[in-house]
Amino acid sequence: MMRYMGDLISTVFDTSGRQMEIEQAHRVFGPRPNPEDRPRPILVRFLRSGDRDAVLRAAREKGEIQYERNRIQIFPDFARTTQLKREKFRESRRALHARGVKFAMMYPATLRIETSGGYKHFVCPKEALKYVTEMGQ
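When we follow my numbering, the leftmost residue of the sequence shown carries the number 301, and every step to the right adds one.
Among the hints, a few may not be true.
Taking lysine-lysine and the DSS-like style, the derived pairs with C-alpha atoms no more than 25 Å apart in a straight line are [as the list claims (entries may be wrong)]: (1) Lys402 with Lys426; (2) Lys388 with Lys426; (3) Lys430 with Lys385; (4) Lys402 with Lys388; (5) Lys402 with Lys430; (6) Lys420 with Lys402; (7) Lys388 with Lys362; (8) Lys420 with Lys385; (9) Lys362 with Lys402.
Please keep in mind that the hints were generated in silico from the structure rather than gathered at the bench.
Using the sequences and the hints, build the whole thing.
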């Protein structure tokens, strides 16, 4: 798995001859999915945080990533507490998505909504939902 991820990273991103060292790589534990289902995520731990940051930055800049005719998505792994905080914005995100409003989740748990006058930021899920609900009226 480590060799596969090393090949993927060096092929998809311009590593400028720099060898990025992967400390650990493995699939998330769980049953093997059916062929028509999405594969299990792969977790990769880099030896140096600078390599991780470079891959995340390159993935953001590149946009959609294709490798061996498959779409690849790269996300940072968050602590469980951060995941739970971000999850509280689910209802607001669904409503924004349904309305076609551009938004983003900023680290660690801030919802950024694009408006005609710029951006609005919310750290409180209840305030965000109230704002989104009022947008639809």
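### Query
Is the straight-line distance between the alpha-carbon of Lys420 and that of Lys385 25 Å or less?
holds (18 Å)
### Task
Take the C-alpha atoms of Lys430 and Lys385, compute the straight-line distance between them, and say whether it is at most 25 Å.
holds (17 Å)
### Query
Given the proposed pairing of Lys402 with Lys430, does the C-alpha separation stay at or below 25 Å?
holds (17 Å)
### Query
Does the structure keep Lys402 and Lys388 at a Cα separation of 25 Å or less?
holds (18 Å)
### Message
Does Lys426 sit within 25 Å of Lys402, going by the straight-line distance between their CA atoms?
### Response
holds (19 Å)
### Query
Are Lys362 and Lys402 close enough, with their CA atoms no more than 25 Å apart?
holds (19 Å)
### Query
CA of Lys388 to CA of Lys362, is that 25 Å or under?
violated (29 Å)
### Query
If you draw a straight line from the CA of Lys388 to the CA of Lys426, is it 25 Å or shorter?
holds (9 Å)
### Message
Need the status of pair Lys420, Lys402: alpha-carbon distance at most 25 Å?
### Response
Holds - the C-alpha atoms of Lys402 and Lys420 are around 11 Å apart, at most 25 Å.
In this structure, only the earlier hint numbered 7 is contradicted, and the remaining ones agree with it.
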